[in-house]
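Student: Sequence:
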Amino acid sequence: MLEEDFKGTLAATLRDGSAWATTAHKRFYYLKPGPGGSVRIPGELLEPGAKITLYAIWPDGRTLVGEINL
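Going letter by letter, the sequence shown gives residues 1 to 70 in full-length UniProt numbering.
The reader is advised that the hints may include incorrect statements.
Pairs of lysine-lysine, BS3-like flavour, derived with a Cα cap of 27 Å [stated by the list, open to error]: (1) K51 with K32; (2) K51 with K26; (3) K32 with K7; (4) K26 with K7; (5) K51 with K7.
Here are the computed distance ranges between Cβ atoms for each label pair [stated by the list, open to error]: (6) F28 with N69: 14 to 22 Å; (7) E4 with H25: 13 to 21 Å; (8) D60 with S18: 28 to 36 Å; (9) E47 with D5: 30 to 38 Å; (10) D5 with K51: 28 to 36 Å; (11) K7 with E47: 26 to 34 Å; (12) R15 with I57: 16 to 24 Å; (13) P48 with E4: 27 to 35 Å; (14) K7 with F28: 13 to 21 Å; (15) M1 with P59: 13 to 21 Å; (16) G61 with A24: 16 to 24 Å.
FYI, nobody ran anything at the bench for these hints, they're computed from the structure.
Yeah, the Cβ is synthetic: ideal placement off N, Cα and C, and Gly gets one too.
Given only the sequences and the hints, what does the whole structure look like? Please build it.
Tutor: In structure tokens, the structure reads:
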């Protein structure tokens, strides 16, 4: 959960099985926090077997990265 008034950048990527040297090749899905700081992932990303990486980046540079394997 994020702060309810989260002002940073929230994004997700899908792992495509390729070993990229940087995140520059990945497609990012930019998200908005839900009620109470929850993270809502778009339905198009929620396919069986999907591997999702979530990024939360605060304005001061702090970063939180998490992974979800469906």
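Student: Give a verdict on every hint.
Tutor: Against the structure, the hints:
1. K51 with K32: Answer holds: K51 to K32 is near 20 Å, not above 27 Å.
2. K51 with K26: With Cα atoms ~13 Å apart, K51 and K26 stay inside 27 Å; holds.
3. K32 with K7: holds (10 Å)
4. K26 with K7: Holds - the C-alpha atoms of K7 and K26 are around 23 Å apart, at most 27 Å.
5. K51 with K7: Satisfied, since the Cα-Cα distance of roughly 26 Å is no more than 27 Å.
6. F28 with N69: 14 to 22 Å: Between F28 and N69, where Cβ atoms are some 19 Å apart, the hint holds.
7. E4 with H25: 13 to 21 Å: Hint violated: Cβ distance 33 Å, outside 13 to 21 Å.
8. D60 with S18: 28 to 36 Å: holds (32 Å)
9. E47 with D5: 30 to 38 Å: holds (32 Å)
10. D5 with K51: 28 to 36 Å: Since D5 and K51 have Cβ atoms about 30 Å apart, the given range 28 to 36 Å holds.
11. K7 with E47: 26 to 34 Å: holds (30 Å)
12. R15 with I57: 16 to 24 Å: holds (19 Å)
13. P48 with E4: 27 to 35 Å: holds (31 Å)
14. K7 with F28: 13 to 21 Å: holds (18 Å)
15. M1 with P59: 13 to 21 Å: holds (18 Å)
16. G61 with A24: 16 to 24 Å: Holds, since G61 and A24 (Cβ atoms, about 19 Å apart) stay within the stated range.
The earlier numbered hint that this structure contradicts is number 7, and it is the only one.
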